[in-house]
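One-letter residues, chain by chain:
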Amino acid sequence: MTDAIIFKNVTKRYGTSTVLNHLNFTIKEGKITTILGFSGAGKSTMMKHILGLTIPTEGEIVSLGVNMSELDELGLREFRRNFGMVFQYAALFDNLTAYENVAFPLREFTKLKDAKIREKVDDLLEAVELVPESWHRLPSELSGGMRKRVGLARALALEPRVMLYDEPTSGLDPISTQVVCDLIVDTAKRNADKKLTSLIISHDVRASLRISDFIMFLERGSIVEYCTVEEFRQSNNPTIRRFLEL
Amino acid sequence: MTFLQTYVEYLGAYILGGLSGLGRFTQFAGKVFFWGAKPPFRFRLLVDQLFFIGNKSLFIVCLTSLFSGMVFALQMYLGVSAINMDSIVGRIVAISLAKELAPVFAGLVVAGRCGSAMAAQIGSMKVTEQLDALEVMGINPHQYLAVPRVLGATLSMPMLCAVFMLVGNFGSWLTGVHILGIDEVMYFQKLSDFMRLGHVAEGLIKAGCFGFLIGLIGSYHGFEVTGGAEGVGRGTNLAVVWGMVTVLVSDYFISSFLTKIL
Amino acid sequence: MSELKVGLLALFALSAVVFMSLKITSNQAGFGNYTPYQAMLDDASGVIEKTPIKVAGINAGRIKGIKLQGNKALIDFEMKDTIKMTPNSKLQVKSQGFLGDKYLDIDLGEPSEERLPPGSLVNAQVAGGLDSIGKDAGAMIKEIKEVAELIKDSLKEKDGSNKLAKITDNIKDLTASLKRMLETNEGKVDEIVENIKQVTAQLQYETDRMQKNSLMSDLSKIGPILDKADVAMGDLKVIIEDVKDGKGTVGKLLRDDAVVDQVSQTLSSVNRLVNRINNIEADIGLSTGANTRLGSETRFDLDIYPAPERFFRIGIVTSQFGPEIERESLSCSSVNGGAETCTNTRKIDKSQFKFNLQIGRRIQRLGIRAGLIESTGGVGVDYFFPDWGVRTGMEVFDYQEDAGPNVRLLTEFKLWNVMFARIAGEDLLSKVGKQSATISFGLRFNDQDLAALLGLLAR
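Protein chains in written order, with our numbering: chain A, 8 to 253; chain B, 103 to 364; chain C, 7 to 465.
Derived from the structure by calculation, the hints contain no laboratory data.
Nothing here was measured: the structure is a model prediction, and the numbers come from that model.
Among these hints, one or two may not hold up.
[As the list claims (entries may be wrong)] SDA-like, lysine to any residue: derived pairs with alpha carbons at most 20 Å apart:
#: 1; chain 1: C; residue 1: 56; chain 2: B; residue 2: 290
#: 2; chain 1: C; residue 1: 29; chain 2: B; residue 2: 158
#: 3; chain 1: B; residue 1: 158; chain 2: C; residue 2: 13
#: 4; chain 1: C; residue 1: 29; chain 2: B; residue 2: 157
#: 5; chain 1: C; residue 1: 56; chain 2: B; residue 2: 157
#: 6; chain 1: B; residue 1: 158; chain 2: C; residue 2: 17
#: 7; chain 1: C; residue 1: 11; chain 2: B; residue 2: 290
[To be verified] If you anchor each label on the Cβ, the simulated ranges turn out as follows:
#: 8; chain 1: C; residue 1: 25; chain 2: B; residue 2: 331; range: 22 to 30 Å
#: 9; chain 1: A; residue 1: 51; chain 2: B; residue 2: 107; range: 36 to 44 Å
#: 10; chain 1: B; residue 1: 287; chain 2: C; residue 2: 21; range: 23 to 31 Å
[As the list claims (entries may be wrong)] Quick partial rundown of chain A residues pointing at chain B, CB under 10 Å, derived from the structure:
#: 11; residue: 60
#: 12; residue: 62
#: 13; residue: 71
#: 14; residue: 72
#: 15; residue: 76
#: 16; residue: 80
#: 17; residue: 97
#: 18; residue: 98
#: 19; residue: 158
#: 20; residue: 166
For every residue, glycine included, the Cβ atom is placed at its ideal position computed from N, Cα and C.
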C-alpha cells in the first residue's frame, strides 16, 4: 500500500494558539480513513493543509508523491484537481442547477464536447441516485440529502484520486445517513481500480466505525490514536472510551 | 485620564484599522489586476456581468437622466431668464451633463444597484463555502468572480453614461423648448457653439474610472464578508456606501486631472 | 441571448456618442461640396474658427482658418456650392445677442451672371455691433462739442463774464422769491380758492329762479306780499288815528287813567300769584309693576311742594285686586199693593281704584306724611338719599280688625335719567300670611324735568 498523503512534523500556529501540533502520519492509498475528534481539535485545518489551502508553519506535506511546498500558486491549482471535496453543506453554486453544478468542473477543466459532458453528468447523477426530476432544479429547491448527492457527484466529476468528505452525515436523518455512507463505500468500491483514497472528517462515531478502514483520533492538534477500526474499538484510551460510549 | 487614554486608544485603533483596510483593499486590487491578465479569460462571465450592470440598469438610468435633464433645464432657465439669456440653457445643461452629471449620477446609480449586488453575491458565496469549493476545484475565486465584475463595471459605465447624456439632453430639450418656450434654433445653436467633444470624452473617461472603482469596491466587500447573513448585510451596506463616497470624492480628483489633459 | 442584448446596449451607447458629437460639431453647414474663398478684415476680434457663416440667417459656410496678414486679418472660409457668390457679395462681421456673439453674414448682393471664382477675395466690412456704434458715437460727440463751443462764445459778455450766467442768476432769484411767497401764503391761497369756489356755487344757486329756496325765487314771491302789506298799512293808519282820538275800547283803555290804574293793580296781583306759583315745585311719579299676591298695579303720584318743607301728595293706584267692599242692598217691591217682598242682595265690590291723599312735612332727608294711603288711613315715613337717587320708606295703613295694619317697606332707586325701580314688601306683619312683594318700574319727573318737558311742548 502506498501512502497517499504523508504529514511530516506538521505544525500550524495562528498567533499564539497551536492548531496542529507536530503531526506525523500517512494516509493509505485506496482506503477509507476517518478523522475523528471533538470540535476544534484541528480536523478542518488538517484538511485545508491537505488541499494546500493553508501552508504549515512548520513541517511539510507530501501528497500523491508531490511535496506541496514545492508547488506555486498555479501548480497548486493544477494539483488540486486530483482531489474531490464534499463540503458539509455541499457548497453548491446556487445560481446553477444541480446538473450545471456537476457539469461545472467538466466545463472548466476539460475540453469535452457538450454531448460528452452531458453523458458524464448523467452517469454521475445516476451513480449518486438522484432522481432525474431534481436534476434541473436549483440547489435552493433541493433537500439537504439531495444537495449532498449533487455535491458528491460534482466532486467525482474530474475523477479525483483522493476524495475528502467534510462531515458528510451531519444534519441528516438516520436513513439519509445510511444512504450517504453507502454512497461513500460504493464510490470507493467502484473506483477501487483507480485506488481512490477516501478521507472523512466526522463526528458520527457509529457511521465512521461502520464504513472506515482506519480511524485517526485527534485531540487538540495531536493524534491520540491512529489505527484500524478493530483496534480503535478496543482502545484503552479514556477519551476514546468516552467517545465510544456517546 | 483613563477616559482620554481609552479615547486615544480607540482613535488609534480606528486609524490603524482604516489603514489595514486600505492595505487589504490595495492587495485585493493587485490580485484583480494579476488574475485579470491571466488566462483562462472567461468571456461568458464578462458578458453576464455586462448584461447585469449595463442592460439591467438601463431603465433606471434613463428615468434618472430624463428627470435630471428636465429639472436642470428648469432651474437654469429660472436663473438666466432674469437677464434674458434663456438661449444659453441648452448649452449649459449639455455641458454639465456631459462633464459631471452623467458620469456622477450614473456612478451613483450603479454603485447602489450593482455594488450592493456584487457584495451580496460574493459575500453569500463566501459564507456558504462556495468560494472554498471553487478553490478546491482549482479555480481562483478572484479570477472567477472579481475580474468579470470589475471589468464589466468598467465597460458598462461609459455606455450608461452616454445614454444618460443623451436622455438627459432630451429631457432638457423637452423642458426648455416645449415647456419653457426657449427658441429651438437658438437652443441648438448655442449648444454647438460652445460644446466640444472633449467634454463628452471627459465624461466617458470619468464614467469608466467610476465603473472600475465601483466594481472593485463591491467585489472587495463581498470577499471580506464574515459571519453569516448579518455579515452579508454589513458587507452589502459597506459596498454601497463606499462606492458612492468614492464616486463623489474621486470625481474631483479625476476632473482636475482631466482638465489638464483634455 | 444576453450577449445579444449587451451588444445592443453597446451599439446604442455608441450611436448616442456619435449623435452628440455630430450635434456638437453641427455648427458647420453640413455635408456637401464647398468652395473656398477669402476675406480681409480690419478687425476680426470675436471671430473664431467656430464662428458661423450665414446667408440670410442660415448656416451656409464654415471658417477654415484665420491668420494675420500685415495689419489685417485674413479669413479662409468656404461656402456651400449651392450658394452663388458674386463679385457683389459682401461679407460683414455682425454680432448677435446680448453677449455679442459674432457671426459672418454674407450678403449675396445683386444677382449677377458672373460667379465669383474660388479662392477670390470677398468684400468685407465690419458693421454694426456695439463697437461700431462706439465709433459713430465718437464722431457725433465731436460735432456736439463744436456746437457747444459756439454757444459758449455767443454767451460771453464783453467784460468776459457769462451772459447766460447773469440771466440764470436773475431767473434764480425771481423764482426763489416766487417760491417763498407761495409758500408763506400757501394756506391763504387755498382758502381763497375754496371761498371763491363756494361763493360761485352759492351764487349759481341763488340766481337760479327755478331752485325752490333760492334768492331769486324768494324775490319773485315778494311782489304779491308787498302789495298786501300796502293795503294793511292803509288800514292800520286808520285804526291808529281812531285810537289817538280816544275812540273805541282800546282807545278808551289807553286814554282813561282810572282804567289804567285798575289794570295796573290787577297785573301786580297776578304777578305776585305767578311768583308764588313759580315757587311751587312738583314731582310726578308714574310706575307700573306686579305684586306677588294681588297681581299687577299701576301708580300715579303727584307731590306738590308749596314750600320746600311742606308737601301734598295726590295719587291714584289701580290694582287688579282691590279691597273688597260689601254692599248690602235691600230692595222691596210690592206686587199690586199686596204684600211687600223684600230681597236682600249682597254685592261685593272690588274697588279697582285706590286713592292717595296725604299731607306731609319734609325735614332735610326725612319725610313724614299722613292721610289717605290707598283709600285707607295711614302714616308714612320716607328717607331720601339724594346722591344715590334712592328713597326708602315705611307705610302703615289699612287697619283691619282681624289682620292688623298693612305694614309696607319700600325702596325706590333711580335707574337712569328719569327711570326708577321700586321694590316693596307688603303686609309684613300680617298674622294670616298675607305677605307679598311688589316690584315696579316707572318714571319720575321732578320740577326741572317738568319745566323742560313743558317748554318742549310749548315749542
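Hint check against the structure, violated hint numbers in rising order: Hint check: 2, 4, 5, 7, 8, 12, 13, 14, 15, 20 fail, others pass.
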